[in-house]
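Using the sequences and the hints given, assemble the complete structure.
Under the numbering used here, residues 1 to 263 are what the sequence shown spells out, in order.
One thing to keep in mind: the hints can contain errors.
Said to hold, decoys possible - Computed list of lysine-lysine pairs in DSBU-like fashion (alpha-carbon distance at most 35 Å, straight line):
id, residue 1, residue 2
1, Lys2, Lys263
2, Lys49, Lys238
3, Lys2, Lys114
4, Lys263, Lys49
To be verified - Quick list of simulated restraints, FRET-style, between CB atoms:
id, residue 1, residue 2, range
5, Ser116, Ala12, 23 to 33 Å
6, Thr23, Phe218, 16 to 26 Å
7, Gly37, Glu13, 22 to 32 Å
8, Glu13, Ala244, 16 to 26 Å
9, Pro241, Pro108, 46 to 56 Å
10, Leu240, Gln97, 40 to 50 Å
11, Leu239, Pro55, 24 to 34 Å
12, Ser116, Gly41, 40 to 50 Å
13, Glu88, Glu120, 27 to 37 Å
Keep in mind the hints are simulated off the structure, nothing from the lab.
Idealized CB from N, CA, C, for every residue including glycine.
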Amino acid sequence: MKPWSNLFLFSAERDAIIATLQTALQELDYTLYNPFGVMPGLAYPQTVKLFVTPPHGDTIRIIGEPIAELLPPLSQCGLCLALRFDEEAASITLYQQGRETAWQVLTPYLREGKTSADIETALNHAPSADDDSAQLSDVPLTALPEHMQTLAQGVNPQEADKLFQRFAGRLLNSDEERAAAQALLKPQSPNWNSVGGRQALAVMNCLRVPSDWHRPDFITLRDAYQLHARRQRRPQAKLLPGDAEIMAAVPDALEYVPIYGGK
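As structure tokens, this is what we get:
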């Protein structure tokens, strides 16, 4: 699995965050560009591709794979948390006022009912595999038929795997085929049920962040944004098969702000 990383800023000042990101990238010799325009942009050997979410309370998420050099300037806008995980472990890096700091600065941002001991435990001990509070299905709902996707929207996330198994059991003839199908699906999204994924969920479950803090993922948002932008430019443009579903996955995609830089 490719490591997953995003930034979270405890701030509602989105304009300041966007301006800081743009300035910081330019100071690092990146050229800002728009890949969603009418004409394709230049191809760069080195790129940074990010989206800034609308504020959710006092939290703003930066979706994508940020570079470490962005953390100090962004932390001038508010406490900056970089969350990263792979199959084996999760880690957080915290910056405040331009300097790296310790996890104790998160105490004012704890969710009601959580304590400093809870987040210390989450940071230092990965949850067990049977901890339901730190699991998500690693099978994307888009793998299911449309009517089953609709049903899945209202069920517990742990039920998604059961839905997949029920669907796969009708079409795939052996355990090996079902395992191969799931293996093909997993690279499309981070494995939140891995050791690192469960630890990341446990850490964020301690904090006062939206319950859907991990959604949408970058690829889903990027594809939806591109289609919504095209529809905005050309309202009569014909949709290709699957386009409507991609757009519906993030209906408010144009409320996110893309920040792309290349060099």
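### Query
Which hints, by number, does the structure contradict?
8 and 13
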